[in-house]
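Enquirer: So you can see what is in the structure, the chains are spelled out below.
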Amino acid sequence: MTVSSLCSACGFVPVALPDGGREVHGCYIGDLLSWVMGRAKADEAWITIMSNINIVAVASLTDVACIILAEGVAVDDKIKSTAELKGVNILMSDKAAYETASAISTLV
Amino acid sequence: MSESLTFHYDVDGEDFTSAGQASVQVKKNLRRLGIPPEIIRQVSIAMYEGEINMVIHAGGGDADVIVSEDRIEIILADHGPGIADIELAMQEGYSTAPDSVRSLGFGAGMGLPNMKRYTDEMTIDSKVGEGTTIKMTVKL
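The listed protein sequences derive, respectively, from chains P and H. Number 21 in the working numbering belongs to position 21 of the first sequence; there are no gaps in the numbering. Number 62 in the working numbering belongs to position 62 of the second sequence; there are no gaps in the numbering.
These are calculated hints, taken from the structure and not from any lab test. Yeah, the Cβ is synthetic: ideal placement off N, Cα and C, and Gly gets one too. All the pointers check out, no bait thrown in.
Residues on chain H that point at chain P, a partial pick, calculated with CB under 8 Å: (1) 20; (2) 27; (3) 48; (4) 108; (5) 110; (6) 114.
If we strip away everything but chain H, and leave its shape as in the complex, we get:
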């Protein structure tokens, strides 16, 4: 593969039960491209966590997955409330998710830590009141 391939997804912020559609689609696309199963697992879990965060906190957003010869990049951008204290948000167990979300099994404060766990690089660019952009890279 000499040129990169980009997949774009609109993450619907309205329907919590359909969250994960973009991640499942990414999984299928990566499988078609012959990406190794463990890499697919890493990318799709990291992306799902990001997708869930966008649904819980930001009313949806945009997700782009760029597949190139030596890496897969995931860029998640939203116009939600932003993250006031990124260091605190990265701590396992810290969560600002509402009880309604916790009752579904989410909001355990593991989303951002999982995204970091399953990717080789992760940067968070966030401004309170403007939104958040997260870039993650998994090396091939």
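Just chain P, same shape as in the assembly:
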């Protein structure tokens, strides 16, 4: 399923969607950035509550399909514009990480 379709199907908010046609396969949940870089795989959806600018670089380098911010976490405009520039998709879910992962589990 594509990131755009996942966003619509689960009722997530598109925060930055520069590459919405990208396919998502699998999911990783984590907030410690080096842990994410060590464990997350390319093309996964990365669910986190971490919302500082470094998440964009981590997502780009780890090559995940998208970041899903859980718990309704908001990011500032600089993060949105950096994500657009670097081709990093960011969605926002108002649910907790577990519920967010449950919602996408049969779709990705």
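Assemble chain H onto chain P, guided by the hints.
Expert: Just chain H, lined up with the frame of chain P:
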């Protein structure tokens, strides 16, 4: 490719939020050279971890990436405080990062282990009070 290509980057030690610029640039350059995506991922994550370490602990440093026919070498050199016990620093979960860095999601003690995880060879040359040089190799 018969001759090697070298990319040099100055890692700014002042601005934590811009850390990763060198790694992102390396990723772009390697993509242009047609390097396979999984190799690019390994190199750019290893380099980003090194970059973050230089920003957290050493006030920045120099990064060189050398691309040759059969390998990519990453050399990170700083003039920071050095690593007193390299074996301890290599253990997952061991960290000397300050709380300010941990609150940003770093400092989990996974940086050096990740650098080793994603490279085929890694050597650390460090002297307390003088600095650290890390060489990593990813085979193509």
